[in-house]
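Chain order of the listed sequences is W and L. Take the first sequence: its position 82, counting from 1, is numbered 82 in the working numbering, and each next residue is one higher. Take the second sequence: its position 98, counting from 1, is numbered 98 in the working numbering, and each next residue is one higher.
Hints listed in this document are in silico derivations from the structure and should not be mistaken for laboratory results. Some clues are possibly wrong.
Each computed DSBU-like pair below joins lysine-lysine, with the alpha-carbon atoms no more than 30 Å apart [what the hints assert, rightly or not]:
1. W:K37 <-> L:K9
2. W:K37 <-> W:K22
3. L:K9 <-> W:K42
4. W:K57 <-> W:K37
5. W:K42 <-> L:K14
6. W:K37 <-> W:K58
None of the values given here were measured: they were computed from a predicted structure.
One letter stands for each residue in the lines below.
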Amino acid sequence: GENVEQHPSTLSVQEGDSAVIKCTYSDSASNYFPWYKQELGKRPQLIIDIRSNVGEKKDQRIAVTLNKTAKHFSLHITETQPEDSAVYFCAASSTSNFGNEKLTFGTGTRLTIIP
Amino acid sequence: NAGVTQTPKFQVLKTGQSMTLQCAQDMNHEYMSWYRQDPGMGLRLIHYSVGAGITDQGEVPNGYNVSRSTTEDFPLRLLSAAPSQTSVYFCASSVLLGQGDTEAFFGQGTRLTVV
């Protein structure tokens, strides 16, 4: 089965600086890579995703890059703000008859923005 | 539109007791899943279902049963609770986006303690 590793487990950055979280996956059949954000005491929510036919995707201050050859993908947050403090999970999935519904998650990164 | 509703939010069980965690969604999603979240281990898939009457095992199914008699409901049963099942449990339902991409909508979680 798929195995997703995520680093670092904790990350602290000054407000306004950039944050980068990295994930690697093992299954070359994986072709869909979403990122979820979980604020303290809340449920995880999808913030951005990327498919394997795209190398980079951007949405305002967040971007995700994918290197299929090396089997790794990264989340980049620029101009960090206090509300970016949360736990971030990467995930990977391969296409089944239904779609990319079966997600394997990384272990999470606790991001803290220092005012 | 309530989304994904989980009950209860908190539960304390004694070792050996059984219980059912309830999950209901009103978005008419075919795919539903149960995850457990443990510190340093991310979200691990317990069981999932691609539609009414169809269930399958995830990464950590031992000690848990599921059934899917309707599209809306996907209860998780703990057969004989053990301290190792102390965790936060999340139910999710998923919608298909373009190209087979999916977005998982999570319930608010159930914090279970087995003593």
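Provide an ascending list of the numbers of those earlier hints which the structure does not satisfy.
Those not satisfied: there are none.
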